[in-house]
Amino acid sequence: MGQKGSKIEITETDRAVLQLKRSKDDIHRFSRRTDELISTEKLQLKKLIKENPKDYKSNLRVRLLLKKIHYQSHLLQQASDQLVNLENMLANIEFKLVEVQFLQGLQRGNEILTKLNKEFDNVDEVMDNVQEQIQYQEEINNTLSQSVIGVDNFEEEIDKELDDLDKEINPVSEIEMPSVQNLPELPLKNAPLSESADNTKGAKKEEGDGELIALSS
Amino acid sequence: MDLWYDVATNNSGRPLLRGGEQVVLIQDAVGLYDGKERVEGRQSGRVFLTQQRFVYVDDLNPTGNSVALDLENVASLEYSSGFLKRSPRLVVFVRDGGTRPPGEDITSAGFLTQWVCPICAEKNSTEGKFCDGDSSVQPVCFNCGVPADYELARDSIKYIETNKSTDPTDRDTVVCQSCTFINHKLMKFCEMCGGRLPPRKSHRSKKLFLKTGSLKETPQFFQLSFRKSDGSLFAKAAEKTLNDARQKDIFNQNVAEIDGAAVNPTVKEEELVKKLDKMDLMGINGLEKFRENQLLNNDILFTNALQDLNKLMSLANSIERLYKRESNNSGSSTTAHPYLVVDREKFFTKDSFLDEIAREVYEFAMSEFKDNEIDRNVIVTLVDFYAMYNKSVRIGTGLISPQELRDACQRFPKLGLHDLKLLKVNKRVLCLTSVNSLKFVEERVMEIVQGQPGSDSLKITQVLNEQAKTDNSWAIGIIDEILSSCINNGKLVLDEQMSGMLYYSNTFWSL
Amino acid sequence: MEFPPIHSFPPLYTRQPNKLVRNKQLETWAGIILDNAKKLHRWEIDKTGRFERGGPSIFTSESIGRAVPQLFINEIWRHMQRNNQIILRDESLQWGVLDDADADASFYVLWRPLDAWTSLILEWFDTANQMGKVVTFYELAQGDESLDCEFHGIPEPLLLRILKPLVKRGRATMLKGDNDQYVAIKVV
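Protein chains in written order, with full-length UniProt numbering: chain A, 1 to 217; chain B, 1 to 511; chain C, 1 to 188.
Excised from the complex, chain A in its bound form (with noise of 0.2 Å):
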């Protein structure tokens, strides 16, 4: 099989992240065995004082079995403390790889842009060739337009036949509107609508009184 290409490689930060997370382990085995430690010794503990309740506080083995789980205790916490030192490294390192990705990233960028960005010289060059080509063009334009003398104005003819056109057009296109004077009044709701209706159709008012009035009322 040839492919044999997608081989991890394992880096230098690996190497000590490994170590870091190793330590971090033993660490952590630790402070598991010290916690279960305390829990027996606490209940052995507890277990003597039952025993003696009388004289625990004078009891020797009483106090050294206090002493010890105060001592496991502390080991604890420093081993605790240790531990989140571990750990906030860890995250640092991932944090400053994650970073070092995002530097990465933006040089790449920034380089490409800056390439990029060299198309853009020519730029105004170019822009100014083409204005000016466009105004010969426009020149050009004109004089072809100039040339030619004594044609008629056909321009009035012309506007006379758009005129015909368009009447032809626009009687199609009026519409029979029903005529707007016999047209019943609305029903009066509101004074003010029937009012702002009245004012409305106040003009119309001439031609329908009789009946307007007559329904108004």
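Accuracy of the hints is not assured; some may be wrong.
[Said to hold, decoys possible] Simulated pairs of lysine-lysine, DSSO-like, Cα-Cα distance not exceeding 30 Å:
hint : chain 1 : residue 1 : chain 2 : residue 2
1    : B       : Lys85     : B       : Lys36
2    : C       : Lys19     : B       : Lys491
3    : A       : Lys57     : A       : Lys42
4    : C       : Lys176    : A       : Lys96
5    : C       : Lys164    : C       : Lys176
6    : C       : Lys38     : C       : Lys164
7    : C       : Lys176    : A       : Lys7
8    : B       : Lys439    : B       : Lys427
9    : B       : Lys459    : C       : Lys24
10   : B       : Lys427    : C       : Lys19
11   : B       : Lys459    : B       : Lys421
12   : C       : Lys19     : C       : Lys38
13   : B       : Lys188    : B       : Lys123
14   : B       : Lys240    : B       : Lys228
15   : C       : Lys164    : A       : Lys7
16   : B       : Lys427    : C       : Lys24
17   : A       : Lys47     : A       : Lys67
18   : A       : Lys96     : A       : Lys7
19   : B       : Lys240    : B       : Lys36
20   : B       : Lys424    : B       : Lys439
21   : B       : Lys391    : B       : Lys421
22   : B       : Lys350    : B       : Lys421
23   : C       : Lys39     : C       : Lys24
24   : B       : Lys421    : B       : Lys491
25   : B       : Lys427    : B       : Lys350
26   : B       : Lys414    : B       : Lys350
27   : C       : Lys168    : A       : Lys7
28   : B       : Lys439    : C       : Lys24
29   : B       : Lys491    : C       : Lys24
30   : B       : Lys424    : C       : Lys19
31   : B       : Lys427    : B       : Lys391
32   : B       : Lys36     : B       : Lys228
33   : B       : Lys427    : B       : Lys459
34   : B       : Lys289    : B       : Lys185
35   : C       : Lys47     : C       : Lys164
36   : B       : Lys459    : C       : Lys19
37   : A       : Lys68     : A       : Lys42
38   : A       : Lys57     : A       : Lys68
39   : C       : Lys19     : B       : Lys439
Don't read these hints as lab results, they were simulated from the structure.
Since the structure of chain A is provided, determine the placement of chains B and C on it from the hints.
Okay, now just chains B and C, sitting in the frame of chain A:
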């Protein structure tokens, strides 16, 4: 050593005992000592202690080298236990002037005494050595019959040593006592007078014992040396037997006859018959009387025989009566019919015989099992059935072989006997079954197991037979086969325990 | 340990002579073992059917007083091995050689198939944002990050076997520790 006489043994080396003689004890690995010296050739053998004698049977040569000593001749016994290398011994002190039993073979030392009778001056020649001994042991003059006194005859005594046996029985003639006619040695009755001739093993020797061998005055003794064992048991038994024999004072008590001559004429039959003494046997009168005696004896014999026969007949009759009574008790109609006996010889071919047997088997099976209420559900292994059938039906008429039974059973369908069939259960066991019985029993077994899970085959059989309530029940072997077939078709599952196999209904893993 | 009602059925403890029934019986036992492994969250079981040393064997029932004989137990193991429900802890041991002398022989119970585990872990890598990072086996198995996951508490040798296919597929590499054994993995 004269006291020891040869004794006949059978081929396997056991001594032939006299009629009525019983063995008390047997001891092996015994050697024989004469006095203090070993007896050559008789050092390894068995000693039989019987009620009458000691019998030594040699290991190496039982037929030729075996000897016996009568207890009559034993004076006393003494037991000495072993000391260091010496084996324990039983010392047998013999009586002076002991006798040899009548009719036994004599191996004399070969001494012959010639003497002149002081009464009739006849020369006599007798075996053995005539010495100064008891007055009880005196040779009798053959002419006048007067026992000789040693003192009177002493002068005339001549001892002749013979190497060969001068036993008169070794001659080929026998002299008749009453008429002195010389008969052939094998004759039992004198040709002339018809008198009885003395048996070859002469009675004379009874009176003739003389001390032989060493002329010592010291008490003679023999020793039995026990090589292997303690010998104390033997010694005790010997003492006891000796005492018994003495107490009864009847030696040869159980001996009915010796070599044809009846020893104790105390038998009843002979009371009827007149005892013929010596005088009666003489002359014509003697002949006639003799004949009469014969006839009488024959009659007695016949009567006895007829009596025995009668007894036998009456026994047979009573058996028949018993049988009839028994068969009447069962009360079924089958007794009215004469029983058809299927006899092997009466058939031409094996085939037809087997057919008949098949029918008989069928009938027997049906009649045996029809008591079963549950619809004639028969299932019995062929082995069991074979035993039953042979023992009950075929005892008088010839047992049939297992192969024949099997062939017969295979003919059932051919003969149209459809109720029973031969079935191979579990591919192994042949059973005789009626049509549905296998299934039936299987169902019952399943029911029982479902009702009482974890039963073993014994329990199932018990429950099944309780429920059946008949005498005819299913054998545990059948139940076992059915259980195993249920396992094979997945209806039951097994729980194997030290106590046995327990069966459960297969609810979880049903197929 | 929890058991289904069939665990109190005496014939379960006897090897059934009927082949088809026996297959079902073996299946039943396999089921019981896998269920209990899952519920108790245990991956290891020893030859006599104990999840922990000195603990009760799954093959005995106190209530009915029955126990499966070791010979049949071996048959059950073979059956489960064939179905890939169980793998020998010590890979160098050949099953055929396994006999009473190997009292320590024990198995990993795969109450999920091996590749299911692989996928699960791969998923975790994804969701916990650990792609491309170095993760130690200890972290995977015992770390606080994986506390909620099904594979928390998995023994490390088993983890190794689960993760090997990833390396083969080319999706991960393993890193060695000080004592030349694989201790960490990086997945991409």
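Going through the hints against the structure:
1. Proposed proximity of Lys85(B) and Lys36(B) is supported: the alpha carbons are some 16 Å apart, at most 30 Å.
2. Note on Lys19(C) and Lys491(B): the hinted pairing holds, with a Cα-Cα distance of about 13 Å set against a maximum of 30 Å.
3. The suggested pairing of Lys57(A) with Lys42(A) holds, with an alpha-carbon distance near 15 Å, which does not exceed 30 Å.
4. Distance restraint check for Lys176(C) and Lys96(A): the Cα-Cα separation of roughly 24 Å lies within the 30 Å cut-off, and the hinted pair is therefore satisfied.
5. For the proposed pair Lys164(C) and Lys176(C), the alpha carbon gap of about 14 Å is at most 30 Å, so the pair holds.
6. Our distance criterion of 30 Å between C-alpha atoms is met by Lys38(C) and Lys164(C), whose separation comes to about 23 Å.
7. Restraint check for Lys176(C) and Lys7(A): satisfied, since their Cα atoms lie roughly 17 Å apart, inside the 30 Å limit.
8. Only pairs whose Cα atoms come within 30 Å are accepted, and Lys439(B) paired with Lys427(B) is accepted, the gap being roughly 16 Å.
9. Only pairs whose Cα atoms come within 30 Å are accepted, and Lys459(B) paired with Lys24(C) is accepted, the gap being roughly 28 Å.
10. Our distance criterion of 30 Å between C-alpha atoms is met by Lys427(B) and Lys19(C), whose separation comes to about 18 Å.
11. A distance of roughly 28 Å separates the Cα atoms of Lys459(B) and Lys421(B); the hinted pair therefore holds under the 30 Å criterion.
12. For the suggested pair Lys19(C) and Lys38(C), the alpha carbons sit about 29 Å apart, so the restraint of at most 30 Å is met.
13. Straight-line distance between C-alpha atoms of Lys188(B) and Lys123(B) comes to about 27 Å, which keeps the hinted pair within the 30 Å bound.
14. A C-alpha spacing of about 22 Å is found between Lys240(B) and Lys228(B), which places the hinted pair at or below 30 Å, so the restraint holds.
15. A hinted pair counts as satisfied when its Cα atoms are at most 30 Å apart, and Lys164(C) with Lys7(A) qualifies at roughly 15 Å.
16. Only pairs whose Cα atoms come within 30 Å are accepted, and Lys427(B) paired with Lys24(C) is accepted, the gap being roughly 26 Å.
17. Straight-line distance between C-alpha atoms of Lys47(A) and Lys67(A) comes to about 16 Å, which keeps the hinted pair within the 30 Å bound.
18. Restraint check for Lys96(A) and Lys7(A): the C-alpha separation of about 24 Å stays at or below 30 Å, so the hint holds.
19. Only pairs whose Cα atoms come within 30 Å are accepted, and Lys240(B) paired with Lys36(B) is accepted, the gap being roughly 25 Å.
20. Straight-line distance between C-alpha atoms of Lys424(B) and Lys439(B) comes to about 14 Å, which keeps the hinted pair within the 30 Å bound.
21. With a C-alpha separation of about 21 Å, the suggested pairing of Lys391(B) with Lys421(B) holds against the 30 Å cut-off.
22. Straight-line distance between C-alpha atoms of Lys350(B) and Lys421(B) comes to about 21 Å, which keeps the hinted pair within the 30 Å bound.
23. Restraint check: the Cα-Cα separation between Lys39(C) and Lys24(C) comes to about 22 Å, which is no more than 30 Å; the hinted pair holds.
24. With a C-alpha separation of about 25 Å, the suggested pair Lys421(B) and Lys491(B) falls inside the 30 Å cut-off, and the hint holds.
25. Under the criterion of a C-alpha separation no larger than 30 Å, the hint pairing Lys427(B) with Lys350(B) is consistent with the structure, at around 28 Å.
26. With a CA separation close to 16 Å, the supplied pair Lys414(B) and Lys350(B) stays within the 30 Å bound.
27. The hinted pair formed by Lys168(C) and Lys7(A) meets the criterion: a straight-line CA distance of about 10 Å does not exceed 30 Å.
28. At roughly 26 Å between alpha-carbon atoms, Lys439(B) and Lys24(C) fall within 30 Å of each other, so this suggested pair holds.
29. Between the alpha carbons of Lys491(B) and Lys24(C) the distance comes to roughly 14 Å, so the proposed pair stays at or under 30 Å and holds.
30. Distance check on the hinted pair: Lys424(B) and Lys19(C) sit about 22 Å apart at the alpha-carbon level, within 30 Å; holds.
31. A hinted pair counts as satisfied when its Cα atoms are at most 30 Å apart, and Lys427(B) with Lys391(B) qualifies at roughly 28 Å.
32. A C-alpha spacing of about 19 Å is found between Lys36(B) and Lys228(B), which places the hinted pair at or below 30 Å, so the restraint holds.
33. Proposed proximity of Lys427(B) and Lys459(B) is supported: the alpha carbons are some 25 Å apart, at most 30 Å.
34. Proposed proximity of Lys289(B) and Lys185(B) is supported: the alpha carbons are some 25 Å apart, at most 30 Å.
35. Distance check on the hinted pair: Lys47(C) and Lys164(C) sit about 26 Å apart at the alpha-carbon level, within 30 Å; holds.
36. At roughly 26 Å between alpha-carbon atoms, Lys459(B) and Lys19(C) fall within 30 Å of each other, so this suggested pair holds.
37. Only pairs whose Cα atoms come within 30 Å are accepted, and Lys68(A) paired with Lys42(A) is accepted, the gap being roughly 10 Å.
38. For a cut-off of 30 Å, the pair hint linking Lys57(A) to Lys68(A) stands: about 15 Å separates their Cα positions.
39. Proximity of Lys19(C) to Lys439(B) is assessed by CA-CA distance (about 23 Å); at most 30 Å being required, the pair is judged to hold.
Hint violations for this structure: none, all hints satisfied.
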